[in-house]
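Participant: Listed in order, the protein sequences are those of chains A and B.
Numbered per this note's numbering, the first sequence finishes at 178, counting up by one with no gaps.
Numbered per this note's numbering, the second sequence finishes at 432, counting up by one with no gaps.
Just so you know, the hints here were simulated from the structure itself, not pulled from any lab data.
Bear in mind that the values here come from a model prediction, so they are computed numbers and not experimental data.
Heads up, a few of these hints could be off.
As the list claims (entries may be wrong) - Chain A is faced by these chain B residues, among others (derived, beta-carbon under 10 Å):
1. I35
2. V280
3. D286
4. N287
Said to hold, decoys possible - Label pairs and their calculated CB-CB ranges:
5. A/G103 / B/D275: 34 to 44 Å
6. A/A36 / B/T178: 48 to 58 Å
7. B/V142 / A/A47: 14 to 24 Å
8. B/K191 / A/A85: 49 to 59 Å
9. B/T178 / A/V177: 40 to 50 Å
10. A/A36 / B/G375: 43 to 53 Å
11. B/G267 / A/V177: 37 to 47 Å
All C-beta atoms, glycine included, are put in the ideal place defined by N, C-alpha and C.
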Amino acid sequence: MKVMQMLKVSMVVLFLCGGLIGCSTTPPVTQMDDQAKVTQADMSQQAEAKGVDEGAVKSEAVPSHDAVAGLERIYFDFDQFTLSADARRILGENAKYLNANNGLQVVIEGHCDERGSDEYNLALGESRALAAKNYLVSLGIDAKRISVISYGEEKPLVSGSSEEAWAQNRRAEFKAVH
Amino acid sequence: MFVRWIVLLVACCALPWSVRAATEIEISAPGEQSIPLALTQFLPDQGPQSARVAAEINEVLNADLDLSGLFRFVDPAAFLDDAGRISLLSNQVNFPQWRMLGAETLIKGSYSLTGEQLVVEARLFDIVNRRLLTGRRYVGEVKDVRRMAHAFADLVLKALTGEEGPFSSRIAYISNQTGHPELWLMDVDGKRPIRLTDHRSIVLNPDFSPRGKEILFTSYRANNPDLYRKEIYSGKEARLSYRPGLNVAGRMAPNEREIALTLSKDGNPEIYLVDISGRVLKRITDNWGIDSDPSWSPDGSRMAFVSNRQGNPHIFIADIFTGKAERLTTQGKYNATPAWNPKGDRIAFTRQEGGRFDIYTIKTDGTDERRLTFGPGNSEHPRWSPDSRFIVYSSDKSGNRAIYVMRADGTGARRLTTLESDSRHPAWSTRW
């Protein structure tokens, strides 16, 4: 306690000292001191980003592949790319259809629900499409007839942020390649 | 606190000149200290008056310095006559007047307009020690006024903390306001957005090259998720990696000679190193699961990434040279989007908890995990400012996804983009 009081007293003394010395030793500030600290920056020398010339580029809309009536889509659980019993049954039906339509080339699109990171979902969609492709190949479909593409969370089947919407969006679709 | 005072007073007493010489104020975390700042309106010097120029400078400085969390603004309504005088020299400023208002720092300035030519003089004064801390003369055009003010905000932070602010950098992001997800670029306060791509397809995952001159991104323009690079100044664009399957999450190494990239060419998403022409140099990951979303350590020796090799997605850190990977996150069932900070000591990421995503940071040794956001909605995709002071991210807490910025401790969050369209996946450039 006593130590604290002594410290407090000495602080006050020190404070006064400091204040006095501080004042007494402040040299007059000159214009030169200021000017030495002020430098010039030429903003017009900095390059600016080049934006799109509006309307200059005309590119066509993304060609979408056609759904095939005989090929049913399959669904996945959250953050999973393993095939459920139901998905295997549907893939079995799809394999029969592909066998019956030998000229048909298909692309399997892998999709995710909107939750999770873009990068991870792109990988997850790819893994879903590959799981479906590998199963079809195991059922005897020629791997050359099947390509895959992942759209991650970019092409939801239904909009909305509900369990029902998410469940419908976690899917693999089978489209014809022309 | 008590000890700090004694140290300060002893230093004051013994070395008054060295105290005046020490311009830097030690600030380790935003919000730890707040310096009373008087920010005055810049005044017309030569040429006509422009309320717009003065207002834009004031708005930018106010927003940038407020976001820094270092300042407490003195109410401009209390300003006295010195605020209305162009007194830009330390022997002209009425310091006692400012001291009386409780201010310890003061920003004053002037502008001169000649047609479209604009010269802005900006000064930061230390009121307590009655001296100029820093000043700059910005020469340019009226359209450069916001950049001038951002540049001065950077300088103010440098003068007071020793580290420059990030306000002259840019944020790239994906917005669907044209009807397609395209690549956009904006200032760090969300102003001056410009569109960089016109692919009318799906453009995704932008990331800046370390020197900020290029942006890597993925686009479905050629009906496959291919990796592109784009020069920001010339607008030139090239397709870099277009192997069948994924060419996503491209991140340029600090040396700008290698790119970490997720490819699925071998039948499973794995991370590879490719050179700047897209040729594979090395495979980093090799296992049955998903490996994606790499983020370089600032020295380029390690890489944080997401993998579900142990079941759920978690953050791992791989050594680039040995390929050896160790798990970083131990909590939660879904951890993703790692972002290594430029300082090198922390990694930001998102975790799904109770069906929602929030942003966390963790030290690179897996200790000191901190949660930064607490809903509502999902907060995702954190990226650090070049000075590691701030984090930019996307959130759907107000409806459509929008880009937000907050301090690295989770405080001071503010929205940068409008809610009229969907904006996401921000990336923060280095200083321009």
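Participant: Take the hints in turn and mark each one as holding or not.
Facilitator: Hints, verified against the model:
no.	hint	in the structure
1	I35	violated, 19 Å
2	V280	violated, 18 Å
3	D286	violated, 15 Å
4	N287	violated, 12 Å
5	A/G103 / B/D275: 34 to 44 Å	holds, 41 Å
6	A/A36 / B/T178: 48 to 58 Å	holds, 50 Å
7	B/V142 / A/A47: 14 to 24 Å	holds, 18 Å
8	B/K191 / A/A85: 49 to 59 Å	holds, 54 Å
9	B/T178 / A/V177: 40 to 50 Å	violated, 28 Å
10	A/A36 / B/G375: 43 to 53 Å	holds, 51 Å
11	B/G267 / A/V177: 37 to 47 Å	violated, 20 Å
Of the numbered hints given earlier, the model fails hints 1, 2, 3, 4, 9, 11; all others are met.
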